[in-house]
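Residue numbers (the numbering used here): -14 to 157.
Mixed in with the good hints there might be a few duds.
Per label pair, the in silico range of CB-to-CB distance [stated by the list, open to error]:
#: 1; residue 1: Cys52; residue 2: Leu127; range: 55 to 61 Å
#: 2; residue 1: Thr99; residue 2: Glu62; range: 25 to 31 Å
#: 3; residue 1: Arg135; residue 2: Phe80; range: 47 to 53 Å
#: 4; residue 1: Asn79; residue 2: Leu127; range: 15 to 21 Å
#: 5; residue 1: Arg109; residue 2: Arg68; range: 47 to 53 Å
#: 6; residue 1: Thr58; residue 2: Arg142; range: 45 to 51 Å
To be clear, the hints were calculated from the coordinates, so they are not data collected in a lab.
In this text, all values refer to a predicted model and were calculated from it rather than measured experimentally.
No residue lacks a Cβ here, since even glycine has one placed at the ideal position from N, Cα and C.
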Amino acid sequence: KRAWHPLRMTSSKHNEQNRLPFLPSIGFMRLNLSKLSTQYSNLSLSGKLLLPLLSTTLGLWGISALCVGYWQTAKMEQGLEERTLEFASQVEQNFAQRVEILELKARSITETATIGQAAAQKDRAKLLQVLLPVKTSLNLDLLKVVDVNRESLLDLREESLSSLSLQAAKLD
-14 KRAWHPLRMT SSKHNEQNRL PFLPSIGFMR LNLSKLSTQY SNLSLSGKLL LPLLSTTLGL
46 WGISALCVGY WQTAKMEQGL EERTLEFASQ VEQNFAQRVE ILELKARSIT ETATIGQAAA
106 QKDRAKLLQV LLPVKTSLNL DLLKVVDVNR ESLLDLREES LSSLSLQAAK LD
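Build out the structure end to end from the sequences listed, making use of the hints.
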């Protein structure tokens, strides 16, 4: 007679299947507990002592590896998000500064007497003579001069912007 073992089935009803009814079957494989029980009982004493310890250690190691991986991923994602927001803020500030500088340069150019007189007389040649060096020195892609009626007097733009359609904004 065999000694009692917690994994061994004693009921004759379940002996034909050799498995516990609450354990799921996976595909065509079924967990055969009597085979496991036999293999476990054939182990030496050191194997019987080490197997639960080893399986528990490996299980805890696997769970802790998953937890550390999840924590590290979340930490990296948070750091990346913070750096992205910081970079976007810097880009936005840089863009606002450049727009402000361009507005100041545009105001200083438009407030000169020669440009005001040339625009009032609609003298395209005089506007070209004064503004072409300004466009080149400021490295502008587009320079458009409009009068108070929003009529274009001069439109200097790079070839890549030739299809761009601009409407004159309200003038201060």
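Here is how each hint holds up against the structure:
1. Cys52 / Leu127: 55 to 61 Å: holds, 56 Å
2. Thr99 / Glu62: 25 to 31 Å: Cβ of Thr99 to Cβ of Glu62: about 58 Å, so the range 25 to 31 Å is violated.
3. Arg135 / Phe80: 47 to 53 Å: For Phe80 against Arg135, whose Cβ atoms are near 26 Å apart, the range 47 to 53 Å is violated.
4. Asn79 / Leu127: 15 to 21 Å: At 20 Å between Cβs, range holds.
5. Arg109 / Arg68: 47 to 53 Å: holds, 50 Å
6. Thr58 / Arg142: 45 to 51 Å: holds, 48 Å
Hint check: violations occur at hints 2, 3; the rest are consistent with the structure.
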